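Asks: Residues per chain, in single letters:
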Amino acid sequence: MDFQDSASEAEVRADARAWLAANLPDAEARRSMGYGVADEAAALALAKTWQARKADAGWACMHWPAQYGGRGASPIERLIFEEEERRAGAPTGFFEIGLGMAGPTLQAYASEEQKASLLPRMLRGQDVWCQLFSEPAAGSDLAALRMRAVRDGDDWVLTGQKTWTSGAHYADYGIIVARSDPSLPKHRGLTFFFVDMRSPGITTRQIRQITGPADFDDVFFDEVRVADSQRLGAVGAGWQVALTTLMNERLSLGDVARPGYEELVARLRMSEIGGRPALEQADIAARVTDWHVRSRGVAFTRARIITALSRGQEPGPEASILKLASTAMFQEIADFATGLEDQGGVLLAEDRQAGVADFQFAYLFSPSFRVAGGTDQILRNIIAERVLGLPPEPRVDKDVPFNS
Amino acid sequence: MQITPDHIAIRDTMEKFIAREVTPFVDDWEAAEIFPAHELFRKMGDLGLLGLTKPVEYGGMGLDYSYGVVMTEALGRIPCGGVPMAVGVQTDMATPALARFGSDALRREFLAPAIAGEMVACIGVSEPGAGSDVAAIKTHARIDGDDLVINGAKLWITNSLQADWMCCLVNIGDGPAHRNKSLVIVPMKSKGVEVARKVRKIGMNSSDTGQIHFDDVRVPRRHVIGEEGQGFTYQMIQFQEERLWAAASALGPMEAAIEQTADYARQRQIFGKPLLDNQVVHFTLAELQAEVEAVRALLYRATQLYIDGEEVTLLASMVKLKAGRLQRVVADKCLQFWGGMGFAWESPISRFFRDGRLMSIGGGADEVMLSIISKKMGILPRPAAN
Chain V
1 MDFQDSASEA EVRADARAWL AANLPDAEAR RSMGYGVADE AAALALAKTW
51 QARKADAGWA CMHWPAQYGG RGASPIERLI FEEEERRAGA PTGFFEIGLG
101 MAGPTLQAYA SEEQKASLLP RMLRGQDVWC QLFSEPAAGS DLAALRMRAV
151 RDGDDWVLTG QKTWTSGAHY ADYGIIVARS DPSLPKHRGL TFFFVDMRSP
201 GITTRQIRQI TGPADFDDVF FDEVRVADSQ RLGAVGAGWQ VALTTLMNER
251 LSLGDVARPG YEELVARLRM SEIGGRPALE QADIAARVTD WHVRSRGVAF
301 TRARIITALS RGQEPGPEAS ILKLASTAMF QEIADFATGL EDQGGVLLAE
351 DRQAGVADFQ FAYLFSPSFR VAGGTDQILR NIIAERVLGL PPEPRVDKDV
401 PFNS
Chain H
1001 MQITPDHIAI RDTMEKFIAR EVTPFVDDWE AAEIFPAHEL FRKMGDLGLL
1051 GLTKPVEYGG MGLDYSYGVV MTEALGRIPC GGVPMAVGVQ TDMATPALAR
1101 FGSDALRREF LAPAIAGEMV ACIGVSEPGA GSDVAAIKTH ARIDGDDLVI
1151 NGAKLWITNS LQADWMCCLV NIGDGPAHRN KSLVIVPMKS KGVEVARKVR
1201 KIGMNSSDTG QIHFDDVRVP RRHVIGEEGQ GFTYQMIQFQ EERLWAAASA
1251 LGPMEAAIEQ TADYARQRQI FGKPLLDNQV VHFTLAELQA EVEAVRALLY
1301 RATQLYIDGE EVTLLASMVK LKAGRLQRVV ADKCLQFWGG MGFAWESPIS
1351 RFFRDGRLMS IGGGADEVML SIISKKMGIL PRPAAN
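Chains as they are written, first to last, in the working numbering: chain V, 1 to 404; chain H, 1001 to 1386.
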């Protein structure tokens, strides 16, 4: 494992840091363009401006080929910029799904003409993309999805419901996987498309989440016509295309979820309990030490993934380990921190000074990390089967026709 | 603690009342972040549900505390935590000291209408600088002839936007922290009582929470409950019921969460079979149910000793600690099996997750319970002399 930037990596990091320092809007402006703020339309407009500025300077999706707006940078250089971007507190929420998942899927499967027209707009933030995968009866078991796609001349007609689709209500396009042949086993009868979210027959309904805001949607398809030219991959190959999308989700590694260990320690340094500095209290120190150990484990696991990327290798299942370990810790820390504040711990943001309610929000938000992008249970199955080599879970519905 | 046909009759009354008068309105009250306390309490008062354990002379039913526990468990059928908490404040947090130590006149004036549901009560202990650390409160009452003149502030006060009176812990004089406190009934319409703001919380949204300021609030000295200077002791006694109540109030929602999660997991198909058929799911729910029963057993034991006249601060603190911790675990583990649905605001499990965080904080945080238990075990170090 290599913890140091190579000379060229260090140069990218220094450039990124300098550019962000010179160009990033101040904290106040960043908050108003963040994901999940009250005036979503205004936030999106500001975020688009910022994305375009990044694109002009060559930082947006720098690992994409130059003809689509990138600069052909290596995965590790991309990661370095993203690390610096997050460290500087730059908002990225609106575009993560498009750039991290839809973009790579289009690059792998769309026609050259489609790539040339869609990818630069996506990269500059002109079009926002969403990902239409989960359904009311298909979450972890994605291949159980029921959205129907019926061939009709040069079109397909899509009918059904998607859910938990982040940003569907403001997205311009979506990538979608649907069932084109229910007589085949569940993984084999799927076909993948991209759709214009303003097509007739699409309606969205925002879902309010446990934290209060409504970032994601139910999306209803009522005989929505999609041209066959918008099919990505072969008819019946939707599962393989979806795996490409999900693989890229794991590669857009993200940073340690915040507020986490470092923020907790910073908070504790300022806290007194019963007239004594909080960190001098042994029970608190013991818990903090435990999280310190685990946060190092998380950091090193992440470093292994980065090292693999840096050497041009595909990371292995350590991404599953990373997510499982880090989300559990994120939740424990948020829970602990809300308790630290005594009864203030249950207050909402607007009743507190700016920035102090981060842990309350994190506590409410934490279950989503354990559900989204592979539940804890799915990750444990992956670790059991691919890391430990344990026998796979019996999957009784795998080889029978979906409609049987 | 024996469950008799009388207990079951009270539980049935409570459950029928909830189905008719509470459950249909809970979503609206949650959205409004307040519920109509006077209207609801009046209806409960008419059925005798606000005074089960209170003296008959003041309209109560004079039953032992086991009936209070059974009623509180039944309150858990309400699909939110805020309304049960408001009822608990009325029956088990703001009124026990008044019922036990208040003068006859004071009880006629304030306890009887609280039992009848004509008045809404709140309990004023926590302050901006003193939540779990009760001895550190700063609210002060000056003696002025036959009156007390109160200055200070109370924070996180449940029911306080609607309350008619507060059972308020104040300092009178400058004696030692454990001997200068009194519990005083403060009518909320008194001049100088100001509801400074409504507090918004991550959960318990149907219950109103306020910050209250006292600016030269004048109340008659006869509003002091029992003896002046005994307030700390009375509050510690009153806390026993508050903590038993808190544990009892967690049982119903925990069982409802386990039951609803099992139902959901039974219907939810994943990888060709019901989610519930995964061993990790049904074993998890089975273990949670076992732990809920363990908390119930501890609660019933503490309740029986309390009925027998013993001081149960130790057991009440233990059961509040375990109920608060378990409630968080149940909420989190159950939510996980709902997947994305668990993260949606509307799902019952997400409300339970939000509401459930308070139990380990309100009425003395987990850490306070641990300190009390340590002290009672004789293992708490003495504070260093300054």
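Just so you know, the hints here were simulated from the structure itself, not pulled from any lab data.
None of the values given here were measured: they were computed from a predicted structure.
Beta carbons are placed, not taken as given, at the ideal position from N, Cα and C, and that holds for glycine.
Hints should not be assumed to be uniformly reliable.
[Claimed, not checked] Derived DSSO-like pairs (lysine-lysine); straight-line CA-CA distance at most 30 angstroms:
| id | chain 1 | residue 1 | chain 2 | residue 2 |
| --- | --- | --- | --- | --- |
| 1 | H | Lys1189 | H | Lys1376 |
| 2 | H | Lys1333 | H | Lys1138 |
| 3 | H | Lys1322 | H | Lys1273 |
| 4 | H | Lys1333 | H | Lys1322 |
| 5 | V | Lys398 | H | Lys1273 |
| 6 | H | Lys1138 | V | Lys398 |
[As the list claims (entries may be wrong)] A few chain H residues that face chain V, going by a derived Cβ cut-off under 8 angstroms, partial list only:
| id | residue |
| --- | --- |
| 7 | Lys1016 |
| 8 | Phe1017 |
| 9 | Ala1262 |
| 10 | Arg1266 |
| 11 | Ile1270 |
| 12 | Phe1343 |
| 13 | Ser1350 |
| 14 | Asp1366 |
Asks: Taking the hints in turn, state whether each one holds.
Replies: Here is what the structure says about each hint:
1. H:Lys1189 - H:Lys1376: violated, 40 angstroms
2. H:Lys1333 - H:Lys1138: Given pair Lys1333 (chain H), Lys1138 (chain H) is violated - Cα atoms ~40 angstroms apart, limit 30 angstroms.
3. H:Lys1322 - H:Lys1273: Since the Cα atoms of Lys1322 (chain H) and Lys1273 (chain H) sit roughly 35 angstroms apart, the hinted pair is violated (cutoff 30 angstroms).
4. H:Lys1333 - H:Lys1322: holds, 16 angstroms
5. V:Lys398 - H:Lys1273: holds, 11 angstroms
6. H:Lys1138 - V:Lys398: Answer violated: Lys1138 (chain H) to Lys398 (chain V) is near 67 angstroms, above 30 angstroms.
7. Lys1016: violated, 31 angstroms
8. Phe1017: violated, 28 angstroms
9. Ala1262: violated, 16 angstroms
10. Arg1266: violated, 14 angstroms
11. Ile1270: Cβ of Ile1270 (chain H) sits 4 angstroms from chain V, so the hint holds.
12. Phe1343: holds, 5 angstroms
13. Ser1350: Check passed: Cβ of Ser1350 (chain H) comes within 4 angstroms of chain V, closer than 8 angstroms.
14. Asp1366: holds, 7 angstroms
Violation of the numbered hints given earlier is confined to hints 1, 2, 3, 6, 7, 8, 9, 10; the remaining hints are satisfied by the structure.
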